[in-house]
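Engineer: The numbering of the sequence shown is this note's numbering, which starts it at 26 and goes up by one.
In case anyone wonders, no lab produced these hints; they're calculated from the structure. Every residue gets a Cβ at the ideal spot worked out from N, C-alpha and C, and that includes glycine. Careful: at least some of the hints might be erroneous.
For each label pair, taking beta carbons as the anchor points, the in silico distance ranges come out as [what the hints assert, rightly or not]:
id, residue 1, residue 2, range
1, 439, 260, 40 to 46 Å
2, 298, 249, 45 to 51 Å
3, 318, 250, 33 to 39 Å
4, 372, 256, 22 to 28 Å
Once the Cα atoms are required to be at most 25 Å apart in a straight line, the calculated DMTMM-like pairs of lysine to aspartate or glutamate come out as [stated by the list, open to error]:
id, residue 1, residue 2
5, 345, 394
6, 345, 362
7, 345, 259
8, 239, 228
9, 438, 330
10, 239, 259
11, 438, 188
12, 438, 210
13, 438, 421
14, 239, 257
15, 438, 178
16, 438, 240
17, 345, 388
18, 345, 257
19, 239, 370
20, 239, 254
21, 345, 370
22, 239, 249
23, 345, 240
24, 438, 201
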Amino acid sequence: MLRNLGIQQPLWARVCRSCRACGTHAPGAPWPAERFGDPSTRFAVRVTALQHYCRLCSRANCDRRGLLTIIRGVPSVSTSPGLLPCSHPRSVRLSVSPVHNAGSIVAVLHSGDLPTGLEEITSPATLRTVTADELSSALPGADVLLVWDFLSDAVRPAWPAADALRWVHTASAGVDRVAFPELLESEVVLTNSRGVFDVPMAEYVLGLVLAFAKDLPGTLRRQDRRRWEHRETERVAGRSAVVVGSGPIGRAVGRVLAAAGLRVELVGRVERDGDPEFGTVHAAGALDGLLPVADFLVLAAPLTEQTRGMIDAAALARMKPTARLINVSRGPLVVTEDLIAALADGRLAGAALDVFESEPLAESSPLWELAGVIVSPHMSGDVLGWRDELAALFADNLDRYRSGRPLRNVVDKARGYVTTDSATPDSVTTDSVTTETATPDSGSTA
26 MLRNLGIQQP
36 LWARVCRSCR
46 ACGTHAPGAP
56 WPAERFGDPS
66 TRFAVRVTAL
76 QHYCRLCSRA
86 NCDRRGLLTI
96 IRGVPSVSTS
106 PGLLPCSHPR
116 SVRLSVSPVH
126 NAGSIVAVLH
136 SGDLPTGLEE
146 ITSPATLRTV
156 TADELSSALP
166 GADVLLVWDF
176 LSDAVRPAWP
186 AADALRWVHT
196 ASAGVDRVAF
206 PELLESEVVL
216 TNSRGVFDVP
226 MAEYVLGLVL
236 AFAKDLPGTL
246 RRQDRRRWEH
256 RETERVAGRS
266 AVVVGSGPIG
276 RAVGRVLAAA
286 GLRVELVGRV
296 ERDGDPEFGT
306 VHAAGALDGL
316 LPVADFLVLA
326 APLTEQTRGM
336 IDAAALARMK
346 PTARLINVSR
356 GPLVVTEDLI
366 AALADGRLAG
376 AALDVFESEP
386 LAESSPLWEL
396 AGVIVSPHMS
406 GDVLGWRDEL
416 AALFADNLDR
426 YRSGRPLRNV
436 VDKARGYVTT
446 DSATPDSVTT
456 DSVTTETATP
466 DSGSTA
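When you get a sec, could you build the whole thing from the sequences and use the hints?
Structural biologist: Rendered as structure tokens:
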């Protein structure tokens, strides 16, 4: 079968060059032992998205969830399910690399608070725990980096020292602080902590909606002044909520708001009909038409070049003067100066902001004192026990990494977020790191 595809056994002697699996080695060149080791060891066929279709996979007619059955029977080679993304015309890459052993070096970037039980989680790997100014000294030889201090910008300056890195995991859902060009263009796999923050953030958003509708800030202000002042509040049921972000956080927000009786419109990257929970998921381009009907606009989308500055003066001008904006995703989705102007002029009734363009929010910011504004310090997903959940997720992924099983929450570097449901572990693999297959448009942020 392999011979019919133009490939002679053994597989490691002839690798399709169009996938660039063997780096600079041309098809038929000697096996690059200095890179991949002894070919007599067990190897796994690895597939990931690149720019050009692999001729081997094309000739094998692999469909969207097809197996690379052509590899079966080759001595000392194991197969993994492959993905040829027919709906998104990127292509696949074929490479052959050894399954991991436990001899990893794990570097952990922290700011003073380490995960509970970190030594047990990483054992028997070599563990290097460092703060931002020490990171460059910890990266040489390390194949795993845990960015526990996910608010740090230290990874990019230290990147030149990452001579052996294969996998970076960040203890957040948003990856904008580690999604710098050098990492994105590298072979290093990036995973995040999607799933830990979904329900807590949804609960937080519901609390903000209720706080606005029932004027809880006003009640507390009157209580501070010992004023007994009866007044009427707004109804929540039947109001309209537009939720931007169709990933797990946005969907969790939509579910709790719908349960409270709000009419929810979900906005994603592309339009999808027949959603089992929300009917139609609107494309991002439809947001302008939804803004005039929104009583509550909730931002739960990842920060990408497409979402940066999406709520600007023009978008705010389309909203009702009685509407409220809630941002629990990333500050740069909103043009702060435009928001301040709309609030100050009474063109927007209020805003609840958990994230800001610059954090912490400067004491001189007008947002602290503007009427109708709720400011919180990037805490919408941080419930009691959240650090333990983050550590458990990393521990599970580290175990998967060592055993060659699919990693959870692999970030699509082209889109800037995870595009897969982690509950379905079909696997794609990339340069010694196994990842899960993707389904379109399910980004998340926290």
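Engineer: Let me make sure I understand: some of the numbered hints might not hold for this structure. Which ones are they, in numerical order?
Structural biologist: 16, 17
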